[in-house]
Amino acid sequence: MNTSQIIELGAALLILLGSIMSVISAFGIIRLPDVYTRSHAATKSSTLAVLLSLSGAFVYFWVHEGFISVRLLLGIVFVFLTAPVAGHLITRAAYRSKVKLTDNSSDDALKEVLFPEDK
Amino acid sequence: MVEKILLTALALFAFSIAIALYRIIKGPSMPDRTVALDMIGVNLISSIAVISIVLKTKAFLEAILILGILAFISTIAISKYVERGVIVEHKSDN
Amino acid sequence: MRINDVILRTVTKIVVFIILTFGVYLFLSGHNTPGGGFIGGLVLASAFVLLYLSSDIESVQKSLPLDFKMVAAFGVLLATSTGFGSLLLGVPFLSQTFAYFDLPIFGKTELTTVTIFEAGVALAVVGVVVTIILSISEDE
Amino acid sequence: METLIIILIGILTAVATYLILSRNIIRVILGTAVFSHAVHLLILTMGGLKKGSVPLLKEADAPYTDALPQALILTAIVISFAVTAFILVLAYRAYQDLGSDDLHALRGTNDE
Amino acid sequence: MNNIIVLPLILPIMVGVLLVFLRPYIRLQRIISLLTMIGVACISVYILNRIQTEGIMRLDFGGWKPPFGILFVADSFSALLVLTASVVTAICLIYAFSSIGERHERMFFYPFILFLVAGVNGSFLTGDLFNLFVCFEVMLLASYVLVTLGGEKAQLRESIKYVVINILSSWFFLVALAYLYGTVGTLNMAHISERVAEAGQGPLLTTVSILFLIVFSLKAGLLLFFWLPGSYSAPPTVIAALFGALLTKVGIYALFRTFTLIFYHEPSITHNLIGIMAGITLIVGCMGAVAYKDVRQIASYNVVIAVGFMLIGLAVGTQTSLEGSIYYIIHDMIAKAMLFLLVGTMIVLTGVTKFDQMSGLIRNYPLFSWMFFVVTCSLAGIPPLSGFVGKVLVGQGAIENGSYVLVALAFISSVVVLYSLLRIFLNSIFGETIISPEDELPLKKGLLIPIVLLGIGTISLGLEAEVLSSYVSDAANTLFNPSIYIDAVLSGNK
Amino acid sequence: MFSVNFAIIFPFIIAALVPFLYRRIKFVHIGWFVMLVPITLFILLARLIPSVASGKTFFHTYNWIPSLDINFTTYLDGLSMIFGLLITGVGSLVILYSIFYLSTKESLQHFYSYLLLFMGAMLGVVFSDNLMVLYVFWELTSVSSFLLIAFWNHRKASRQGAQKAMLITVSGGVAMLVGFIMLHTMTGTFSVREIVLSIRDFTDHTLFLPTMILVLLGAFTKSAQFPFHIWLPDAMEAPTPVSAYLHSATMVKAGIYLVARFTPVFGGDQVWFWSVSVIGMMTMFWGSFNAVRQPDLKALLAYSTISQLGLIMSLLGLGSIALNIGYSADSIIYTQATFAALFHLINHSTFKGALFMVVGIVDHELGTRDIRRLGGLFTLMPFTFTIAVIGGLSMAGLPPFNGFLSKEMFFAATVQISNADVFSLQTFGVIFPIVAWIASIFTFVYCLIFIIKTFLGPAQPEKLDKPIHEAPVGMLISPLILCAFVVGIFFFPDLLGKYILQPSMASVYPTFGDPKELTPSIYAWHGFNAELMMTIGVIVIGALLYNQLKKWKPVYGLFSQKYTFNMLYNSMLSSTEKGSTIVTKGYMTGFLRDYLVYIFVFFIVTVGGFLFYSGAFSIDISTDASIRVYEAILVGVMAVAAVAMLFAKSRITATLLNGVLGYSIAIFFVIFRAPDLALTQLVVESVTTALFLLCFYFLPEWKRETSSSKTKLTNAIVSIGVGVVVMLVAFSVLNYEKFETISRYFENAYELAGGANIVNAILGDFRGFDTMLEVVVLFIAGLGIFTMIKLRAKKEDADIEN
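Residue numbers (our numbering), protein chains in the order written: chain A, 1 to 119; chain B, 1001 to 1094; chain C, 2001 to 2140; chain D, 3001 to 3112; chain E, 4001 to 4494; chain F, 5001 to 5802.
Where hints are given, some of them may not hold.
Said to hold, decoys possible - Selected chain C positions facing chain D (Cβ under 10 Å, derived; list incomplete): (1) 2042; (2) 2135; (3) 2136; (4) 2139.
What the hints assert, rightly or not - Each pair of labels, with its calculated beta carbon distance range: (5) F/5620 / B/1004: 21 to 31 Å; (6) E/4052 / F/5568: 46 to 56 Å; (7) F/5570 / E/4054: 56 to 66 Å.
None of these hints come from the bench; they were simulated from the model.
Note that the structure is predicted; figures quoted are calculated from it, not measured.
Quick reminder that beta carbons are idealized off the backbone N, C-alpha and C, glycines included.
Using the sequences and the accompanying hints, generate a full structural model.
Right under this line is the structure:
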């Protein structure tokens, strides 16, 4: 087993880690009680998952074919840039469309600001 | 070895897609579904990256970026729809 | 009720730029790697869609005063007239040629008529997609 | 793989058929969309699956997978996009003027 | 170099796109679109005559030799149809000038008409099955737009049905193409024919051919015509006229082409099926034609009857009957356009749609009324008008072939056609006039002239059938002997 | 040289000119000019009588559609000469009469146009040798007759009569056309002369009998034979000159002409003999029987015409037997029936023409045709009365009028035929004289009614709107000329026999050697024989019956009005209409789902059915590519997503699921090595989803499907059926591996088209044309959406386009 093969294996393991992360966040998405908590699972851990696997792929191509893929790098940057915004927008939309919080939540500070009439 | 790991990873990605699908079907609220769809998109990105390795081709790297772009646009569109019903406004309020 | 879109708009500015660049890249590289007029056009169109999504029609029109119907029409005209050119040259309709020219400044350059054709396709796609979205959105 | 995909095509077709037989116009439109998914897969499958490498020359070695169906599907995708867009707008225009999205109510009057 | 045969398609498209830029200049749009159609008609005459001397013409796009590229093939059959379609469109355009109104004209009416014709002509000329699909779509999209153009309630309502059914038929087309590609692995029609002949048209290929039959029947209105009556009676007159003249003909053309060129090996299955379908079409068409009092419905069901009639020629499949069908198609394009224009004009003049609410039009509009009589006789196949020759030849072919049931149905149907139109004539045209002189709407010359032109067309086509005969017999010969077509496409590289 | 073709075309040309002339010539009745046409033609034809009589025929041809063997060929022989003379001769007289009958307030230009059109068409029928051209003119006579009947089209009865006449005669014409086409199929020619020469070789042909029946259908409908006679009484709505011309003298005789013309073709066959003679006899009886009860003079004449046409028809049938027996000294006797037919044809035209004109005069001068309001006219209308008596008695078959001669010959022929020993005539032949005799009695009765009730008895001026007065001289000239013929022919029958009838006998019996043998000398007196006794019997019993008319007239009441042929015709039309409406509206529900179900069911039945019926179905999974776990999961995801769409509660969910399907397909495109497709699919899917969302703003949230569970079940079954059929065919296609695809060629894309991306090279170059059109499609859709949104119906527009 030479260096490049080891690195390839490492890349593969990176990807596997990503996929495991993804499954975890998937579980989060079904197990967590309301949309606000679920969006944590979806946006945070699955962003991590995709970053891991894209990096793995990037490393693999780099090592295996000596190919530095600008597109992959760009993709990583892009996901990194957009995922938080997307998460933000969804949860905001959820809140504004009055999706209920889970019963366990103790405090809703925003409510008074946004929907004073609902009091 | 590498290939086996990659295939396992792929299966796991597919598995999370399936779970996200459950959330889309189940709901209960629109944002739930949006979150799940976003997640499917993200998983697809990863899957494509892995498939590219498996198939030993660089042909699909464009797809990764495009999918990233589109998942973003779709999410914005849907959340705007959920929030306001209109996704393209004539004139913004501010 | 005012909704603050500052975060979205800020990100969009960067993202649209990336998308546009990428779209042009796809369009140009289509002959040898995945891409081409259609996909390039579609990606460019999605950049415009993103602009409209994050902002509003009026402000986009202000900074980009284009009648997209005409863009589409021009694209179709461009695509069809590459075929028409071959009519004048007496070769079969839609004959595409590619040749390498030694241009004084650029050196050896590949010029293909397909590129013009694809440019027409891309313009048409952008024009049509944006026209559709604008038409619907402008409806009261 | 082919068998699996063909079964999938069968399911998609059945679903699309059921949707297109609905009374609600949005369901009908979604039905046409699913129809086009099914047929794109079908064209690809009929050309043979996984029988070669990506049809990019120099990228990989011959034999390449059948590129012609891919080109056909590309055309078909764009056309079905155009048609879907059109019928969507048609549907909402009809709703605006006729006040219903129920095709049973939109039978038209064969009054005599 | 046969670049000329792409002109019937590319000229309308390019002019149509140009007209988009000329949107505010309505007068200019009119002139240009009319000139274009006249130009296309002249070109097709030239093509037709060149085919007679040089044989089938073909144009390989991009210079790619068949079966690899797309190509246009012009034989007498397609050239005749292109010619008729262009002439009819030109005449309908004249009608549109004074009927369609500026609002429509400003909304790209002329470009859409030109795109429609481009699609129709392309379908007639193409030699590639997938390209046929694309040409169909060009035509269909244009027709979708035209059906809805104006946004009347009935238009919106009927166009939904029209669009969905046509989407379905396009889907079937793609499925059929997928199957065909999966079996013979090629798209060029001549090449498909060659391969089918080589492998023998086994059960599977016959199954695929039945699928094609369904696809084109949906387009042609053969048996599966449910979209037709509604969508032909909703849009403005001139659009209905163009639909009546052109749309079903494309499907009929495709049926003729595929079942004479490609799937001609199992006539006992496919052609018999066509025969049964044509027979039922005739029966239900006849029933529809007498069931309604709405003049446009009657006209629409007349379209259905004519479809059945033409397909009998194919079902019988002898050279004579094919020849008859070709005559009949040409006749029908002209006569149906005329019928729809007349019927539409009647509705505009009287403000009602049912024939028993109109009366005595002949006193107010004599020439118009006589034109209605001419078209009645013409469609009923009364000699020496244009429907006659086709009718005789189809009958002759069917008798030679022993298809007596079809003969009976075909000829009885022409009596029903006569009856259905005679009812309109006797009730609406004849009788006491119920329009008082002050209410009488003037009949614009611009509306009358195209009708009269078509009337002259149908009369002279009957009297001067000999002029067409050499072209038609050449067309039928090509259809009957597919090898002529195949040789022209696959051998010899021009 | 005078060409017959010209004679045919000439009236057409003038017909086209009449409207223009009419505008110019205001000061004089246009009829005077029109009359010149038939007179000219009559003279031209008459000049040819001697040469035709000597056995000469004239033959001209003018190419029309030579490639289809349809040429404008005319053939002038004895038979067509008779008709030609009748058409032009009676035509001249009728036009003369019409000049006085029709006032200049009527739209004369139309009237004379139609009349000339008819004349030309009729000449065309009798002179054409080519069957197709004959048919052309045949239908033109129907058309012009239609126009003439509907001349007063503001009357409902006129329009209905016209429609009935047109429908029945055109239907018959269509049947005849099929017969002609069959003849062509058998013999390979459209020329009657050639068919006559060659038909002997085809009498055993399977088409021979159908052809005959179809041709007879044409003849019978045109000649108003039982049971197609119903159109003729209704056709009497036409102006009287028209009735006199078309519906007694000429057009209705076109059927007679056709039968005579085709006697050499089909005559000799048993079916021909029986159908022509029996139908003729029935018509004769039924016509005369019904004529008696008509209160309207014109209707009486109409039924009388039907009866007389039946007489002539049956004679032609009887005469055809000679062709079966063949040319021999014995068979000559049977040809006499045909001779009588042709003779009576001429006679009928003369006296019936005169009688119609009499009715026209009465109608025109007194304003009614109802015999219940008429009577005692003879003192004030002496000339009219004279004409009526001459015509009426001739029709009744009394001497010294021509009707007597032909009636006697008719009796002779029926008696003769009952002695023939073919076609089992010994048994059934006796019917003919009996029916003939009974029918003649009724004929006698209605003739008496016509004369006596109208002109004799007490006058009833109180029932009339106008005072009784004699017609102007102009109206009397034509009937008087005809009466002169009626009497003249009685005294000099042989002149007619030799010059006119003899050559036409040669046309009917071309194989019978010298036509002179077939031409008997006609005598008014031939001893006390069977036919004379029959005539005497007719007179005696007829007079008796007339006397007792009141007593037996209730017999007619026995025939229920419900079961007349007219009612049958009407109920047939209305029930067809009703049935069609029910059926058509039954399946044309306007509900999209129904139409789609029809289409899908048709698809399942034909494609699926044939797949199994032919055994084309096959399945083989051994050549499949391998399946990875993730692929299987993804397939499952798609299947679940698809099925979930059916149960989605909200439209957004369904749309998102559709998006999932789209994205998953993109991943399959990746797996199946289609990068361009994957890219396009991804973008298109996103844009489509965005479009859905855009449009949802304007559409309501969907409701639960409210269809009945039966509908849902049908939908489900149909859906599964479609899915299964698509699947099964796909399996079979996958196993069909006989050909290499053509795409190997595209692998040289780089050398050929300068591109390394094969798909792109195909799209941009090899199949660039598709791409071009696809852009056009996209463009049309975009522009269409724009117009659909911007161009709306004006609110105030009346929605007449519905």
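Which constraints among the numbered hints does this structure fail? Numbers only, ascending. none
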